[in-house]
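Colleague: Here is what each chain is made of, one letter per residue.
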Amino acid sequence: MRDVAVVGFAQRQMKDFDGSPSMAELLVPILAECYEQTGWAKKDIGFWCSGSSDYLAGRSFSFVSAIDAIGVLPPVNESHVEMDAAWALYEAWLKIQTGEVDTALVFGFGKASAGVLRRTLTLQLDPYTMTPLWPDTVSLAALQARLGLDAGLWDEAALAEVVNRSLTDAEKNEYAVRAGGSSVGELLARPMFADPLRKHDCAPVTDGAAAIVLAAGDRAREANQRPAWITGIAHSSDGLHLGTRDLTTSGSAQRAAAAAGGTDGVQVAELHAPFSHQELVLRSALGLGDDVALNPSGGALAANPMFSAGAIRIGEAAKRIWDGSADKVVGHATSGPALQQNLVCVMEGRN
Amino acid sequence: MTVAFDYTRSTGPVIGRFLTGLRDATIVGGRLGDGRVAVPPPEFDPVTHQAVTEFVELPDTGTITSWTWVSEPVAGQPLGKPFAFALITIDGADTPWLQAVDVASPDDIETGMKVRARWAEERTGSVTDLVFVADDGNAPETATPAGGTEDVGLIVTPVSLDYRYAASPEESSFFRGLAEGRILGQRCPKCRKVYVPPRGACPTDGVPTSEEVELSDVGTVTTFCVVNVPFLGQRIKPPYVSAYVLLDGADIALQHLILDIPAEEVRMGMRVKAVWKPRDEWGTSIENISHFAPTGEPDADFDSYKHHL
Amino acid sequence: MGKIPAAVIGIGQTHHRAKREDVSMAGLCREAMDRALEDAGLTLDEVDAIVIGKAPDLFEGVMMPELYLAEALGAAGKPLLRVHTAGSVGGSTAIVASSLVQAGVHKKVLTVAFEKQSESNAMWALSVPIPFVMPVHAGAGGYFAPHVRSYIRRASAPSHIGAIVAAKDRNNALKNPYAHLHNEGTTVESVLASQMLWDPIHYDETCPSSDGACAMVIAAEDVAKTYEAPAWIHGTAMRSEPTSAAERDQVNPQAGREAAAALWKATGITDPAREIDCAEIYVPFAWFEPMWLENLGFAAEGEGWKLTEAGETAIGGSLPVNMSGGVLSSNPIGASGMLRFAEAALQVRGRAGEHQVDGARRALGHAYGGGSQFFSMWVVGSEQPAN
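Residue numbers (the working numbering), protein chains in the order written: chain G, 1 to 351; chain L, 1 to 309; chain D, 1 to 387.
Among the hints, erroneous ones may be present.
[Stated by the list, open to error] Computed list of lysine-lysine pairs in BS3-like fashion (alpha-carbon distance at most 25 Å, straight line):
hint, chain 1, residue 1, chain 2, residue 2
1, L, K273, L, K306
2, L, K273, L, K237
3, D, K19, G, K43
4, G, K42, D, K265
Because the hints were derived from the structure by calculation, they are not lab data.
With the hints as constraints, model all of the structure from the sequences given.
Modeller: Written out as structure tokens, the structure is:
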């Protein structure tokens, strides 16, 4: 395997993006920031890959005009996944591993506020036996949360602790759309939204976009003084149907972590947990001990832009390597209802 | 804007058997390779990957294994008021099923509670043919009659989503111009090409177009086709000519309609001028221009527009 | 550290029809997957990862349908990727699956692409009115017809070339039991006599709307070598450009020219017309055959129609094109690109049945999408590449 590192990362997250669903105008400054960080220009990028969803935008081929932000004449070597940009990053990492290219820029974008996200995501479910009931994402997560409560795997206070820590940390994140810690007691006094979940247990609807630059070997060292070397990256899927998997654990997250070489020695983890109890599920699936700093960015409970939030976790984790505050980190992304698909990216700094 | 379509779904044999059961007020499970019974039956066994072929008719009662309260229902959900979604393990089945439970409040539901189906009078073969209610032991004695004789093989699932569509700031300037009867393009600061409508990102350089350029409403047809085919959602009645019009001063052609000339006489290179709708019908839309019509000038030289094909 | 050689060891496809009402989406995919697995002598459990491709989700009204399909497709417990690059997606999906093997991550990857267009209406899904835009669009035909007109003018091509392509592909389809259209007796005259839909495009010069799926198993060198006739992947290429840009060439797009140039370079091919034995090219409207022959470098600019007119692109000609009957005879959009890639592999494995080109050793599979802006292509061969 070639040595590949995360060497650039830029993001924008907001409550309500006032612009086109292709978000080309939002991607322009994000790409510019990536060029500035790496000292590169468009011609230095060997491969491009993006992640987005037509249903989020409400029209077919919504990703098509987003590539205008790159400036695609002369043409570029480019691909797209209908998934979070974390999986676009995986495709780009593969491309670098084949030896065909040395550098890649991946991006994801989504304007969740264009529709009613709770309804839009219902279209991800089984179209014959689930969608006609319009089960919304929050309800599905709540069913998962109660299974854990009933089994004694967590209690409501544990959920509130996750929220309190996340929103406190989010105060230092300029892109958080929800921030401000309080106390477990105060959080538990708030009303139920989707019993047993309160609104603060659920990620806020967020618009946003993000980009990450990958590079191999010397190209990485040229772009970044302390690249975040990817020492393991893998993903896995479970079935969607709620009846045929144990929702209190995450088999796919466990398999992804094992295939990425495990998380021993990880100091910082950025977990993509759109619901508070899911952080607890992931923490155990990834085998993260109490000494691991979780979601110093505030995580998805502070901002969760669809189709880039997973990639943002990888970018946030990489930043801890760049600034020298950690030597080994993990970034995680999820997709699908109740943590169906998971991707784990372990990164290390070398002095 | 609303994106809506009634999808026609062929069910295949397994889902078809399950939905036929619901139409006849019977819950049908599928037996898996390891002996477990799953509701709804999966089309393919999750372990052996073989098609599920053995079906089991089950009672319409079961036990709640998890639930949540939908305090703010969204459009399309089965009850027009707050209700519960629950995972329900049907008696005789081994895997839970996601369904709606009609109870008055979250205080009236708990894990382990027994529930039974309340069947709709008219059933089509859909998971919406029933909701669950608390099983007080007083199930109706008379069996609910079957809902039809043919097996369910095709279902219609309406999907309707509402979106708010916004334009980029660059596009917005174009639409505001149209409201004043002006066609405003913008020049890319790098390649100097004039785009109409302006772009949030010049597709060549990846930077927003900026310097405003007012364009003539006269231009050249670069190429076109005659649309003779009607289709769902079409807003202009065929036959009509859909053309690329390169406005004088612009570097990119605009797609629009050509009228006031028989379709067979439209030519590449033909000079055309915008025909505006009456002013009181104007909005912030390209449809302020009703269509383009021939100016009567001689056709443009092929060389003058050959790079715009 | 070099690339791991990879080859296609299993191919499967469905019978393509306007409406496959006998199967669900899962059933459709499994029909193709099970045939590919049987061809490779493997079970689903022996596959390391699954890569799914599909065109817009609005076609079936399911957002990211791979999520709900995961279990039925045997992807639960495995890595699952979903690619979407418009009409080129079937090709791009195969390329992503190849790179999983070439990167050394997996040994055996199953890739499947599908479309069940009968669940909705493609003309609708592609023409959902966008506020602020003049609603002159009329599906893909309305989009591409003006560019066909430009080609005819630029190349000074006789007006019956499209009909020659259509008659050839429809007759090739008669040799392919999986093809959607089996229109006996299609001739140049009958094509020209069919209704003019999007002038200059006749009804018989357009592709049908199909339900269908295609699957392939791609394996690493050590696995592939144990097979009798693997189709070795000699090279792949993808390029993208904007839908619309000032002075963008929509007849002979730069992205297609550059993808082809990169592909010929990667495979060491200097004279594609001579070194490629047959080509399966994405031709949804008949006129795109001569256009792509030029774009791919098989003919000089303005000369592509001469190959078609001379019969060189028929089976038995110097460069047979679309032996399977092509997109003009079967078009499950998301799978159409993969069907092109798979037909190229079938040819070099010598397993194309009645539409086999004698002695095919190197073949091109090609796909494009969007407004002629996304291109993906590969060259496969019967021999393992030297490098």
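Colleague: A separate judgement is required for each hint: does it hold in the structure or not?
Modeller: For each hint, the structure was consulted:
no.: 1; hint: L:K273 - L:K306; result: holds (20 Å)
no.: 2; hint: L:K273 - L:K237; result: holds (21 Å)
no.: 3; hint: D:K19 - G:K43; result: violated (46 Å)
no.: 4; hint: G:K42 - D:K265; result: holds (23 Å)
Of the hints listed earlier, the one the structure fails to meet is number 3.
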